[in-house]
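Chains as they are written, first to last, in this note's numbering: chain A, 1 to 264; chain B, 1 to 292; chain C, 1 to 370.
Because the hints were derived from the structure by calculation, they are not lab data.
Every clue listed holds true.
Taking CB as the label site, the calculated pair distances span: (1) C/Gly115 x A/Leu10: 26 to 32 Å; (2) A/Asn163 x C/Asp352: 43 to 49 Å; (3) A/Leu10 x B/Arg61: 53 to 59 Å; (4) B/Trp77 x A/Ala21: 25 to 31 Å; (5) A/Gly158 x C/Asp36: 52 to 58 Å; (6) C/Gly115 x A/Pro32: 51 to 57 Å; (7) A/His255 x C/Ala39: 51 to 57 Å; (8) C/Gly351 x A/Leu164: 40 to 46 Å; (9) C/Asp352 x A/Gly158: 52 to 58 Å; (10) B/Pro208 x C/Glu234: 50 to 56 Å; (11) C/Glu234 x A/His255: 54 to 60 Å; (12) B/Arg252 x A/His255: 36 to 42 Å; (13) B/Gly145 x A/Val215: 46 to 52 Å; (14) A/Gly47 x B/Gly145: 22 to 28 Å.
With the C-beta cut set under 10 Å, the calculated list includes, among others, these residues of chain B facing chain A: (15) Leu45; (16) Gly90; (17) Tyr95; (18) Ser118; (19) Ala125; (20) Leu226; (21) Trp257; (22) Val271; (23) Leu274.
Even for Gly, the Cβ is constructed at its ideal location relative to N, Cα and C.
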Amino acid sequence: MKPPTDRGSLALGAYVYAVLAFIIVPLVIVIPMSFSQNDYLAFPPSGFTLKWYAEYFDSRQWRAATWLSVQVALLTALFASVIGTAATYAMIRGRSRLVTVFQILLIGPIIVPHIALAVGLYLFFQTIGLSGTIPGFVLAHTVLTLPFVVFTMAAALGKVDANLEAAAMSCGASRFQAFRLVTLPLVLPSLASSALFAFIISFDEPVVSFFLSGVRQKTLPRRMFEDIEQNLTPVIPAIATLLIVLSILILLGAHVLRSRSVTR
Amino acid sequence: MMEAGRSHFWHSDGRQLSGLSTLLLLLPFFAIIAFVFVYPILQLLVISVLEPHPTLDNYARVVENPVHMRVLMRTLWTATLVTALSVVLGFPVAYYMSRAKGTVAALVAVCVILPLWSSVLVRTAAWSFLFQRNGLINSALMALGLTSEPFKLLYTQSAVVIAMAHVLLPFMILPIYGALRSIPNDYGRAAAVLGATRLRTFLEVILPLSLPGVVSGSLLVFLTALGFFITPALLGSPQEMMISTLVSKQIREVLDWPFAAALVGVLTVFVTLLAIVFSKTLRFDRLMGNAS
Amino acid sequence: MNIASARQSATGASIRISRLEKRFGAVSAVDGVDIDIAAGEFVALLGPSGSGKTTILMSVAGFEFPTSGTIHVDSEDLTYVPSNRRNLGMVFQNYTLFPHLSILDNVAFPLKMRGLRTAERHARAEAALATVRLAGYGHRRPNELSGGQQQRVALARAIVYQPRVLLMDEPLSALDKNLREDMQLEIKRLHAELGITVIFVTHDQSEALTMADRIAVLRDGKIQQIGPARQLYERPTNLFTAGFIGEMNFVDVAVQSVGDDISVALPWGETWRLPATAAVERLAAGEAAVLAVRPERLQLGAGSPGQVVTVTLSDIVYAGSALLLIGRLPDGTEMRARIPGASQLSSLAPGDVASFTIPTEAMLLYRGKR
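Take these sequences, add in the hints, and give me the full structure.
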């Protein structure tokens with residue numbers, strides 16, 4: 001007698017790998033296309049060239065858009081991780097009755113459609129002159145990234161025993177010293193990875209950027225949107241490839257940080 | 001002790017922050033959410049009922065104009081299709097992921113989580129390459145002899161549904177995975193040894209226990225799909241707008257602010273109500289990809 | 001399948017596990033195990049974690065298919081039959097009551113799978129709940145019951161369809177001590193009542209010794225010894241079992257001669273003559289051997305027949321029913337003695353040198369070193 005072949009599992013496996021292909025192929029497909037010599041985006045790609053990458057790096061407009069997005073994303077990462085960590089720490093260690101309000105406001109930016117926030121901010125920022133400015137983008141992106149920072153930090157801070165700080169304070173440390181010398185080092189990997197995630201969310205954020213961008217100040221996603229909408233050149237696969245590499249690097253970074261984390 | 005006589009509000013022991021520090025630490029968060037999130041949304045809602053004069057006319061225009069009603073219905077229908085497609089595609093993946101071990105588990109997790117952290121624009125652009133007249137899908141269909149003429153795929157409702165399901169799939173998979181992951185392996189084994197076939201085990205035990213995850217994922221996908229902008233704007237047909245593309249048109253081309261505000265109001269209120277009704281089942285913390 | 005008539009004929013099935021092997025890659029979890037279990041017998045699989053006891057149970061339950069070997073229940077080959085067609089009862093470590101079903105529906109679940117009508121399966125489930133003394137708890141949810149109650153529900157669910165074999169995977173390890181002892185008795189009672197064959201996996205030797213008709217001691221996927229509790233305790237067949245079951249003192253000795261009796265040289269220079277029956281394994285002159293003796297077999301003071309040892313005491317522990325004396329033999333080997341009726345020994349103090357007599361028949365000899 002032989003063990004029976006497990007047809008059910010085989011069928012499930014086949015289906016799952018087909019879906020995974022559906023998920024991954026559209027991401028991966030842009031990579032060969034970015035090296036294609038065809039001027040129009042035909043499939044299959046032919047030849048090998050780096051000219052689309054050269055076009056991206058040589059173009060002043062693309063460079064300007066990228067630089068704007070980098071600045072905005074760096075500042076957003078800084079803002080969101082500091083503000084988010086402070087608020088999370090207060091919610092976890094404080095004797096606040098604001099928990100419910102806090103949670104509702106936190107979920108707001110996830111639930112409310114980005115188009116609604118984008119339109120609202122477009123109107124608001126025009127009247128106060130923040131539209132198309134770096135502070136404007138940073139403020140908007142900070143709101144969008146805060147929930148993710150808070151979720152990450154709440155998980156990390158929740159695992160740090162409150163008694164550790166009490167112990168540090170019984171040794172003579174002030175509240176701030178206890179945080180800086182005991183809690184902060186323990187949650188630092190999570191803090192760094194939440195900053196990484198805030199960076200990538202901001203860097204890739206298309207909707208709010210779309211409405212807040214001015215004629216001159218265009219973020220990278222806004223420029224990409226225009227290019228895809230109007231003339232879909234092979235520069236897009238080249239940029240897409242670079243963005244995918246960036247995503248992979250950020251995920252790898254977050255993975256390394258998590259594996260180092262004491263509080264995981 | 002200096003603090004001994006002071007009120008409870010100022011007191012700080014080793015485990016808890018004082019009321020003042022709590023407030024100071026929360027202040028930046030509440031300030032930025034209030035000014036950059038709550039205020040602009042409220043302002044829009046106010047405009048939608050006060051301009052050009054205090055009236056609900058703007059909302060009446062949404063409901064009474066059949067063109068606009070069709071946009072609303074299309075938006076609801078598209079979001080429903082996207083949600084259904086995501087469940088069908090996502091549940092088996094989540095199930096497989098929850099039972100996989102070692103390298104396979106890591107591989108599946110990467111396939112699910114990597115798209116979550118890559119640009120929506122990149123993924124939408126990729127679909128516009130695939131759906132082109134001479135893109136991969138038409139090339140493949142013609143090479144297989146299934147068609148002699150390339151299909152029109154780009155700028156169709158199907159293109160929007162498929163690409164949106166692709167973009168939103170991780171939001172479906174991760175909550176279901178979380179729910180399935182919390183079902184001990186022994187439940188399936190117990191059902192089997194008690195006489196249940198695989199199908200019965202799934203229907204009687206696994207599915208009911210993973211239902212909160214399915215509901216959570218479906219809501220998340222549905223709510224996000226309702227307000228989705230990028231993918232319909234780039235892959236959809238201008239004749240078949242969704243609410244977000246209509247809003248964008250009102251603002252960029254028609255410059256009809258009160259009407260755009262009313263559209264945003266309809267969308268926001270509907271989404272918020274749904275979120276409140278299902279607030280118990282929504283689990284946002286599972287979205288970070290750290291469902292493990 | 002005729003469930004209705006099964007109640008009257010509910011006697012256990014015999015189980016034959018032959019040359020069972022399960023490899024995971026290069027690792028052998030189960031390495032050639034043979035166990036014959038008589039109908040209605042209660043067998044415990046006892047061993048440390050990783051000994052293969054759970055893998056054997058998983059193979060019998062059908063959750064894992066063995067690499068080679070066969071499993072027969074009565075005369076039917078079940079080796080590769082899916083779990084749901086084996087008709088075995090099973091109780092898991094963590095109760096595994098389905099949290100979305102009421103207690104009654106949990107117990108009725110296997111009957112539902114067997115196509116019984118609602119009214120009948122509820123009636124039977126009620127009856128099964130009464131068997132585990134939980135009548136009237138049917139409408140509750142699993143999380144409203146204590147751990148012990150949940151495990152009794154799991155037991156009811158496992159027997160409600162009158163299986164002829166009941167598999168139990170460390171069913172009591174999640175319960176606290178008092179509850180565990182109650183449940184041991186409950187399971188024993190059910191076993192006697194139903195006449196069902198039981199395979200019981202545990203890492204708790206006292207549980208195995210009190211409950212099982214026979215115990216199979218496992219280590220690294222192999223059976224070390226299988227037999228009734230008394231045999232395992234009184235005369236373990238190898239050094240591993242000797243050390244694994246109960247407390248045991250070990251002294252390294254050298255075999256000097258083997259004949260009608262055996263003479264061994266002790267590390268501190270003495271030579272003892274022991275009866276040939278002391279050798280559990282075949283010994284040869286010149287070999288190293290281990291002398292094993294249970295702490296409770298040592299008697300305080302010289303006088304009674306046997307060998308006398310002097311022990312320098314280091315710890316004297318009052319342990320309720322007995323006094324535990326810990327000390328060192330002249331060569332430094334640790335020796336423990338459990339002396340019942342401790343009151344007259346209160347004069348002993350750490351540092352004292354005490355003499356103990358070891359009755360000749362209490363000594364066992366094994367090959368090798370400790």
